[in-house]
Amino acid sequence: MRVQNRLTGFLALLLLLLGSSLMVLPFLWMVLTSFKPFPELFELRFFPREPTWENYRVVLWETGFLRWFGNSLLVASLTTLSVLFFDSLAGYTLARLRFPGKNLIFVLILSTLMVPTEMLVIPWYVMSAEKGWINTYWGLLFPGLITAFGVFLMRQFFESLPQDLFDAGRMDGLSEFGVFWRIGLPLVRPALAALGIFTFLGNWNAFLWPLIVVQTPEMRTLPVGIALFSGEAGTAWNLIMAASSLAVLPVLLVFFFFQRQIIEGVVLTGVKG
Amino acid sequence: MRLTLAQREALWALVFLAVPLAFFLYFRILPAFQALWLSLYEWHADPSQRRFVGLEHYARLLEDPLLRRALWNTLLYTLLGVPGQIALGLIIALLLQRAPFGRDLFRAIYFAPYVTPAVAVAWVWSWMLSPHFGLVNELLALLGIPPQPFLQSPSQALPTVTWVVVWQNLGFQVVLFLAGLESIPRQYYEAARIDGAEGWRLFRHITWPLLNPVLVFSVVIGTIGYLQLFTQVVNLNFTDQGGPLNSTLTLALYIYQLAFLRFQLGYAAAVTVLLFALILLITLVQLRLLTRRVEL
Chain F
1 MRVQNRLTGF LALLLLLLGS SLMVLPFLWM VLTSFKPFPE LFELRFFPRE
51 PTWENYRVVL WETGFLRWFG NSLLVASLTT LSVLFFDSLA GYTLARLRFP
101 GKNLIFVLIL STLMVPTEML VIPWYVMSAE KGWINTYWGL LFPGLITAFG
151 VFLMRQFFES LPQDLFDAGR MDGLSEFGVF WRIGLPLVRP ALAALGIFTF
201 LGNWNAFLWP LIVVQTPEMR TLPVGIALFS GEAGTAWNLI MAASSLAVLP
251 VLLVFFFFQR QIIEGVVLTG VKG
Chain E
1 MRLTLAQREA LWALVFLAVP LAFFLYFRIL PAFQALWLSL YEWHADPSQR
51 RFVGLEHYAR LLEDPLLRRA LWNTLLYTLL GVPGQIALGL IIALLLQRAP
101 FGRDLFRAIY FAPYVTPAVA VAWVWSWMLS PHFGLVNELL ALLGIPPQPF
151 LQSPSQALPT VTWVVVWQNL GFQVVLFLAG LESIPRQYYE AARIDGAEGW
201 RLFRHITWPL LNPVLVFSVV IGTIGYLQLF TQVVNLNFTD QGGPLNSTLT
251 LALYIYQLAF LRFQLGYAAA VTVLLFALIL LITLVQLRLL TRRVEL
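Listed in order, the protein sequences are those of chains F and E.
Numbering-wise (this note's numbering), the first sequence opens with residue 1 and increments by one.
Numbering-wise (this note's numbering), the second sequence opens with residue 1 and increments by one.
The set of hints was computed from the structure by calculation and includes no laboratory data.
Don't take each hint at face value.
[As the list claims (entries may be wrong)] Simulated pairs of lysine to any residue, SDA-like, Cα-Cα distance not exceeding 25 Å:
no. : chain 1 : residue 1 : chain 2 : residue 2
1   : F       : Lys131    : E       : Asp46
2   : F       : Lys131    : F       : Leu174
3   : F       : Lys102    : E       : Ile29
4   : F       : Lys102    : E       : Ala22
5   : F       : Lys131    : E       : Pro47
6   : F       : Lys102    : E       : Leu284
7   : F       : Lys102    : E       : Leu3
8   : F       : Lys131    : E       : Phe52
9   : F       : Lys102    : E       : Gln7
10  : F       : Lys102    : E       : Leu25
11  : F       : Lys131    : E       : Phe33
12  : F       : Lys102    : E       : Ala10
13  : F       : Lys102    : E       : Ala32
14  : F       : Lys102    : E       : Trp37
15  : F       : Lys102    : F       : Leu145
16  : F       : Lys131    : E       : Gln49
17  : F       : Lys131    : E       : Ala18
18  : F       : Lys131    : E       : His44
19  : F       : Lys131    : E       : Val19
20  : F       : Lys131    : E       : Tyr26
21  : F       : Lys131    : E       : Arg50
22  : F       : Lys102    : F       : Leu187
23  : F       : Lys131    : E       : Phe27
24  : F       : Lys131    : E       : Ala45
25  : F       : Lys131    : E       : Gln34
26  : F       : Lys131    : E       : Trp37
27  : F       : Lys131    : E       : Leu284
28  : F       : Lys102    : E       : Trp12
29  : F       : Lys131    : E       : Ala32
30  : F       : Lys102    : E       : Arg28
31  : F       : Lys102    : E       : Phe27
32  : F       : Lys102    : F       : Ser175
33  : F       : Lys102    : F       : Arg182
34  : F       : Lys102    : E       : Glu9
35  : F       : Lys131    : E       : Arg28
36  : F       : Lys131    : E       : Arg51
37  : F       : Lys102    : F       : Ile183
38  : F       : Lys102    : F       : Leu174
39  : F       : Lys102    : E       : Val19
40  : F       : Lys131    : E       : Gln7
All chains should be built: construct the whole structure from the sequences, respecting the hints.
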């Protein structure tokens with residue numbers, strides 16, 4: 001029994017190693033290619049013969065890369081802040097306050113989850129064209145400012161807290177907003193962390209709407225920037241891989257720092273939701 | 001005038017919900033109806049020249065060969081991708097449970113592609129899959145397999161795109177299944193072992209049924225994801241989007257092409273209504289399946 005267990009454990013480890021090399025290989029190949037001078041691209045050696053920073057220099061200084069990076073950072077940060085504030089405020093209200101029409105409002109918000117983005121982008125585009133939001137930061141921002149999923153998540157969390165805590169706050173003379181801000185929010189910090197990271201990554205990686213609403217190179221977000229840049233760069237795979245590396249590395253860094261919260265977030269949405 | 005406590009609470013609720021509610025009404029619910037409305041019109045930038053065409057767009061849906069192609073492809077992606085990522089995800093989760101060490105590290109490695117921008121993923125894979133200078137063909141050559149066209153072949157392109165999407169989604173599945181597996185009480189296995197059950201029978205009679213809620217969730221979320229496939233398809237074949245010969249065209253890409261490259265917004269809106277109907281159907285099936293919980 002014991003020997004058998006160790007054997008299956010060893011076998012499992014071996015298979016996992018094999019599988020994970022398949023997960024790592026594309027990242028490795030991307031980074032290795034990004035250090036190759038153009039002529040080396042088609043030699044198919046694993047490591048660059050004459051590694052160079054030139055590709056990074058070109059991407060950083062001769063394309064709009066830094067601007068796209070900044071645009072993505074701005075859009076993702078602002079949407080995340082807005083989502084964290086409004087989703088938790090709405091979640092708190094729907095979980096802890098009594099008022100007529102509460103369930104109706106909750107169902108109304110949840111029902112929007114079924115509407116696919118593809119259906120919304122056409123009216124958003126028409127709306128943006130009529131109101132002059134095309135190619136503006138507001139145009140990039142508005143669809144993501146509040147999310148139904150976040151409201152749902154935060155409501156679940158606020159519901160799980162004991163009522164006594166909130167009553168105590170009211171007794172102490174806190175305003176209703178004070179109760180939410182000073183008592184509620186600190187207690188749901190883990191949920192806020194998970195929601196915040198997911199919202200940030202989601203907006204950082206978003207492609208469809210930014211592709212539609214952006215018209216000039218300066219307004220591109222990172223994914224749109226790399227996609228169109230790569231289309232223009234054609235066979236300059238070393239440049240494309242340098243740009244991709246620069247886009248991927250910050251995300252991977254965030255991931256390794258907040259791994260626990262991210263994985264808890266997935267579990268929260270899938271298994272316990 | 002003095003307010004009762006209940007009135008005060010309702011007033012606060014109104015204040016707190018004002019912005020979120022306005023947002024949902026204006027940016028989510030109204031546009032959904034506008035899409036319905038638009039699908040009945042011939043689009044023109046000038047609102048006064050938008051011509052009402054009734055159900056004409058829907059009639060066109062029925063005989064549009066490209067739409068049929070996109071619908072068929074989307075179905076194929078789903079039929080290949082959802083079972084594919086679920087099977088691989090489950091196998092990896094089960095292996096991870098048996099690994100004596102390194103669990104967290106492996107889990108992180110499998111999850112990393114999921115957080116990576118899909119655009120970057122698509123470009124890296126399209127470089128690796130290039131028929132002449134791609135790493136994948138070079139590796140296949142080591143095994144004595146002749147070079148494959150992959151994304152440039154009408155018959156191989158769709159399975160290849162599916163592979164990239166599965167590769168990217170795998171970590172999400174693994175994490176879900178791991179959590180599901182961990183929530184199954186150890187005692188069930190111990191009890192079954194005392195009764196003489198081993199290996200496959202443990203899996204068949206304990207793991208599989210108790211994993212059912214996670215499985216249903218994965219199938220539904222996975223299906224909805226594949227129905228909306230866009231970013232990878234566009235970027236994997238950037239010069240021939242949806243190609244070769246429309247063999248990778250999806251519903252979402254077709255909607256994008258109709259609306260924003262050909263500016264047939266009315267007809268595109270009709271296609272989005274079709275997509276919405278598909279997603280609604282799946283969500284309803286999910287509700288049915290999830291309420292029919294497994295009894296112990």
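Now the hints, each set against the structure:
Between lysine 131 of chain F and aspartate 46 of chain E, the direct Cα distance comes to roughly 13 Å. Compliance with the 25 Å bound is thereby established for this hinted pair. For a cut-off of 25 Å, the pair hint linking lysine 131 of chain F to leucine 174 of chain F is broken: about 41 Å separates their Cα positions. Using a Cα cut-off of 25 Å, the hinted pair lysine 102 of chain F and isoleucine 29 of chain E holds, with the two alpha carbons roughly 18 Å apart. Between lysine 102 of chain F and alanine 22 of chain E, the direct Cα distance comes to roughly 15 Å. Compliance with the 25 Å bound is thereby established for this hinted pair.
Taken as a hint, the lysine 131 of chain F and proline 47 of chain E pair is honoured in the structure, with Cα atoms around 13 Å apart against an allowance of 25 Å. Our distance criterion of 25 Å between C-alpha atoms is met by lysine 102 of chain F and leucine 284 of chain E, whose separation comes to about 23 Å. Between the alpha carbons of lysine 102 of chain F and leucine 3 of chain E the distance comes to roughly 20 Å, so the proposed pair stays at or under 25 Å and holds. A threshold of 25 Å between alpha carbons decides the hint, and for lysine 131 of chain F with phenylalanine 52 of chain E the separation of about 23 Å falls inside it, so the pair holds.
Distance check on the hinted pair: lysine 102 of chain F and glutamine 7 of chain E sit about 14 Å apart at the alpha-carbon level, within 25 Å; holds. Restraint check: the Cα-Cα separation between lysine 102 of chain F and leucine 25 of chain E comes to about 15 Å, which is no more than 25 Å; the hinted pair holds. Simply put, lysine 131 of chain F and phenylalanine 33 of chain E have alpha-carbon atoms about 19 Å apart, close enough for the 25 Å limit, and the pair holds. Annotation: proposed proximity of lysine 102 of chain F to alanine 10 of chain E holds, straight-line Cα distance about 10 Å (limit 25 Å).
Taking the CA atoms of lysine 102 of chain F and alanine 32 of chain E, the gap is about 22 Å. The hint holds against a cut of 25 Å. For the hint linking lysine 102 of chain F to tryptophan 37 of chain E, the alpha-carbon distance of about 29 Å lies beyond 25 Å, and the restraint is violated. For the suggested pair lysine 102 of chain F and leucine 145 of chain F, the alpha carbons sit about 22 Å apart, so the restraint of at most 25 Å is met. Distance check on the hinted pair: lysine 131 of chain F and glutamine 49 of chain E sit about 18 Å apart at the alpha-carbon level, within 25 Å; holds.
Restraint check for lysine 131 of chain F and alanine 18 of chain E: the C-alpha separation of about 22 Å stays at or below 25 Å, so the hint holds. Our distance criterion of 25 Å between C-alpha atoms is met by lysine 131 of chain F and histidine 44 of chain E, whose separation comes to about 16 Å. Between lysine 131 of chain F and valine 19 of chain E the alpha-carbon distance is near 20 Å, which keeps this suggested pair within the 25 Å criterion. Among the hinted pairs, lysine 131 of chain F with tyrosine 26 of chain E is consistent with the structure: their alpha-carbon atoms are about 14 Å apart, no more than 25 Å.
At roughly 18 Å between alpha-carbon atoms, lysine 131 of chain F and arginine 50 of chain E fall within 25 Å of each other, so this suggested pair holds. Simply put, lysine 102 of chain F and leucine 187 of chain F have alpha-carbon atoms about 23 Å apart, close enough for the 25 Å limit, and the pair holds. Straight-line distance between C-alpha atoms of lysine 131 of chain F and phenylalanine 27 of chain E comes to about 14 Å, which keeps the hinted pair within the 25 Å bound. Taking the CA atoms of lysine 131 of chain F and alanine 45 of chain E, the gap is about 13 Å. The hint holds against a cut of 25 Å.
The hinted pair formed by lysine 131 of chain F and glutamine 34 of chain E meets the criterion: a straight-line CA distance of about 16 Å does not exceed 25 Å. With a CA separation close to 19 Å, the supplied pair lysine 131 of chain F and tryptophan 37 of chain E stays within the 25 Å bound. Using a Cα cut-off of 25 Å, the hinted pair lysine 131 of chain F and leucine 284 of chain E is violated, with the two alpha carbons roughly 36 Å apart. Taken as a hint, the lysine 102 of chain F and tryptophan 12 of chain E pair is honoured in the structure, with Cα atoms around 13 Å apart against an allowance of 25 Å.
Among the hinted pairs, lysine 131 of chain F with alanine 32 of chain E is consistent with the structure: their alpha-carbon atoms are about 18 Å apart, no more than 25 Å. Restraint check for lysine 102 of chain F and arginine 28 of chain E: satisfied, since their Cα atoms lie roughly 19 Å apart, inside the 25 Å limit. For the hint pairing lysine 102 of chain F with phenylalanine 27 of chain E, the CA-to-CA distance comes to about 20 Å; that is within 25 Å, so the pair holds. Pair hint lysine 102 of chain F plus serine 175 of chain F holds up; C-alpha atoms about 21 Å apart against a cutoff of 25 Å.
Between lysine 102 of chain F and arginine 182 of chain F the alpha-carbon distance is near 23 Å, which keeps this suggested pair within the 25 Å criterion. At roughly 12 Å between alpha-carbon atoms, lysine 102 of chain F and glutamate 9 of chain E fall within 25 Å of each other, so this suggested pair holds. For the hint linking lysine 131 of chain F to arginine 28 of chain E, the alpha-carbon distance of about 17 Å falls within 25 Å, and the restraint holds. This hinted pair checks out: lysine 131 of chain F and arginine 51 of chain E have alpha carbons roughly 22 Å apart, not beyond 25 Å.
With a C-alpha separation of about 22 Å, the suggested pairing of lysine 102 of chain F with isoleucine 183 of chain F holds against the 25 Å cut-off. Straight-line distance between C-alpha atoms of lysine 102 of chain F and leucine 174 of chain F comes to about 23 Å, which keeps the hinted pair within the 25 Å bound. The straight-line distance between the Cα atoms of lysine 102 of chain F and valine 19 of chain E is roughly 15 Å, inside the 25 Å bound, and the hint therefore holds. Annotation: proposed proximity of lysine 131 of chain F to glutamine 7 of chain E is violated, straight-line Cα distance about 38 Å (limit 25 Å).
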